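So the chains spell out like this:
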Amino acid sequence: MGRKFAPRRRLLQRRGLEQVVALDGVSFTLQTGRCLALEGPNGAGKSTLLKILATIIAPTSGRATVAGHDVAVESAAVRRVVGYAGNADRSFFWPLTGRENLVFFGQLAGMSAADADAAADRQLDLVGLAAAGSNRVSGYSAGMRQRLGLARALLHAPALLLLDEPTANLDAEYRDVAIEILNGVVGEGRSVIVATHDPGLVAETATDRLRLEDGRVVTPRAASDTVRYAVDLAPDDGSEESQRLFVDDLGDGHVLAERLSQAIAEGRDIVSVEKL
Amino acid sequence: MANMRISDYARLQLAFLQRDWQYETTYRGMMILQLLGIVGTLIIFFSIGKLVDPDAASLGEYGGQYFPFALIGLVVSDYFNTGLRSFSNRLRLAQTTGTLEAMFTTAASPRLVLIFSGTWDFIVSTARIGIGVALSLLFLDVQFDADIVAATVLAILSLMTFVALGLFAAALILIIKRGDAVAALGNIFATVFAGALFPISVLPDWLRWVAYVLPLHYSLDGLRRALLVGDGLSELSANVVIVGVSALVLLPASIIGLGSAVDFVRRDGSVGMH
Chain A
1198 MGRKFAPRRR LLQRRGLEQV VALDGVSFTL QTGRCLALEG PNGAGKSTLL
1248 KILATIIAPT SGRATVAGHD VAVESAAVRR VVGYAGNADR SFFWPLTGRE
1298 NLVFFGQLAG MSAADADAAA DRQLDLVGLA AAGSNRVSGY SAGMRQRLGL
1348 ARALLHAPAL LLLDEPTANL DAEYRDVAIE ILNGVVGEGR SVIVATHDPG
1398 LVAETATDRL RLEDGRVVTP RAASDTVRYA VDLAPDDGSE ESQRLFVDDL
1448 GDGHVLAERL SQAIAEGRDI VSVEKL
Chain B
6 MANMRISDYA RLQLAFLQRD WQYETTYRGM MILQLLGIVG TLIIFFSIGK
56 LVDPDAASLG EYGGQYFPFA LIGLVVSDYF NTGLRSFSNR LRLAQTTGTL
106 EAMFTTAASP RLVLIFSGTW DFIVSTARIG IGVALSLLFL DVQFDADIVA
156 ATVLAILSLM TFVALGLFAA ALILIIKRGD AVAALGNIFA TVFAGALFPI
206 SVLPDWLRWV AYVLPLHYSL DGLRRALLVG DGLSELSANV VIVGVSALVL
256 LPASIIGLGS AVDFVRRDGS VGMH
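For the protein sequence lines, the chains are A and B, in the order given.
The opening residue of the first sequence carries number 1198 in our numbering; numbering runs sequentially from there.
The opening residue of the second sequence carries number 6 in our numbering; numbering runs sequentially from there.
Worth flagging that the hints you see were computed from the coordinates, not collected in a lab.
A quick note: this is a predicted structure, and the numbers were derived from the prediction, not measured.
Yeah, the Cβ is synthetic: ideal placement off N, Cα and C, and Gly gets one too.
It is possible that some hints are incorrect.
As the list claims (entries may be wrong) - To spell it out: a stretch of chain A is covered by chain B in this simulated footprint if at least three of its residues, at any positions, have a beta carbon under 8 Å from a beta carbon of chain B; those stretches are:
id, segment
1, 1244-1257
2, 1288-1298
Said to hold, decoys possible - Counterexamples of contact, computed for chain B against chain A with all Cβ distances above 12 Å:
id, residue
3, A107
4, L177
5, L208
6, D210
7, A258
8, G274
Working from the sequences, and respecting the hints, build out all of it.
As structure tokens, this is what we get:
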């Protein structure tokens, strides 16, 4: 199986006592070695989409696969290749040190105690918490917990990194560190999906973009819309991997038309595009 | 889970024990309070034992002494309460601290995460019981006339039953997010109806039927007879069959139930809710 994934969802999720449609017909694929930015207002479904891919939430309809594994029926296999950083503020054992937390989660990720020890030190160093690693998490600032969350997601070198607002509490220095880490992950051929409201993060890391509103992928409604669906025309080597669809900010519909025309003129295959 | 080796299970369980040890040692004061609690409880029941007539007919089949009778009741109900509360308390803590969602995104099976989370409490319970029994043997003149084989068989089967009830409670809490009532109800059944602290023969006739449908009653009765008057497996066959059938039915059912509860909250989107 390839290392691309393709979710397609209409998800009912409980919010309070109500069942609401959290995602509705979202479809996309992402190639390995790419970073997809999920954008959209609060409540658009970005976090829900990440949680589906992390297997925390099971889809009520549709299908999503990660590394060829269906998130609904092969969740264990999916979790082995995914690193997830959600709300870091409330996801650690606060009486334990940052390092103890990482070693524990490393072992849950399938690592031996020795490997988890080594990986914890490596990741603490990477996110700038080497000195604070032996301090209890209860004494960490929100930004430090955010970095610890990133370190935890990276522990087992996952093929797909799922990050929910990874720069929300970071100062400028560590925001740059986080961006550097994400670009490094993508540079190694791994993939990242990041839900964010940070335009700078998108600009500096995203190779692909997807905007959600009310659980739907936003479709262009007029030529002047700035957010557009577009087609990335991958070289036609005949493989599924070579083709990908992504959402991009094209500025206006003329650019899209130009790309399509160019693609047709060059005779390159175009993958199907939904809701264009 | 299907591809895991025994060493993988052991490694995962050790990770949880290491975490809980680290957690526990940050609250050293609690350990001292627990030790004082054991000593206090023993003194209370030893004193009550002095007030109870040694020839009381209701204690006759258990050797006639109240304190050894109560001591075994305390031991069994401690394990019972640990079984009932450990998984659900750990689960509740993970729900409210937000660590449940984080653990559910790891390669470890959510079911194993929930089961292995509760093991530490059984170790603490065993240590607490060991200290209590040792103090009773050394300083409070308790003597056992035990059939070790019968006691061991009944203890293992009882423990399996208690674990199963705890896993059912955890499955319920995973879905309804509240568990206080489950634990409180369990405690009442143990102390009042099953005969942890007094023989059920002192209950009104119309209330005794409650004890007869509780596997815990047969655990208490069997373990007391095995430890206090030396009854063997043949004398305790009814107890062994009832507790054994309960364990063999409830344990697999509870593991399946826990898995179904995990699937339910994943579909419901409520893993992180509390």
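* Which hints, by number, does the structure contradict? -> 3, 8
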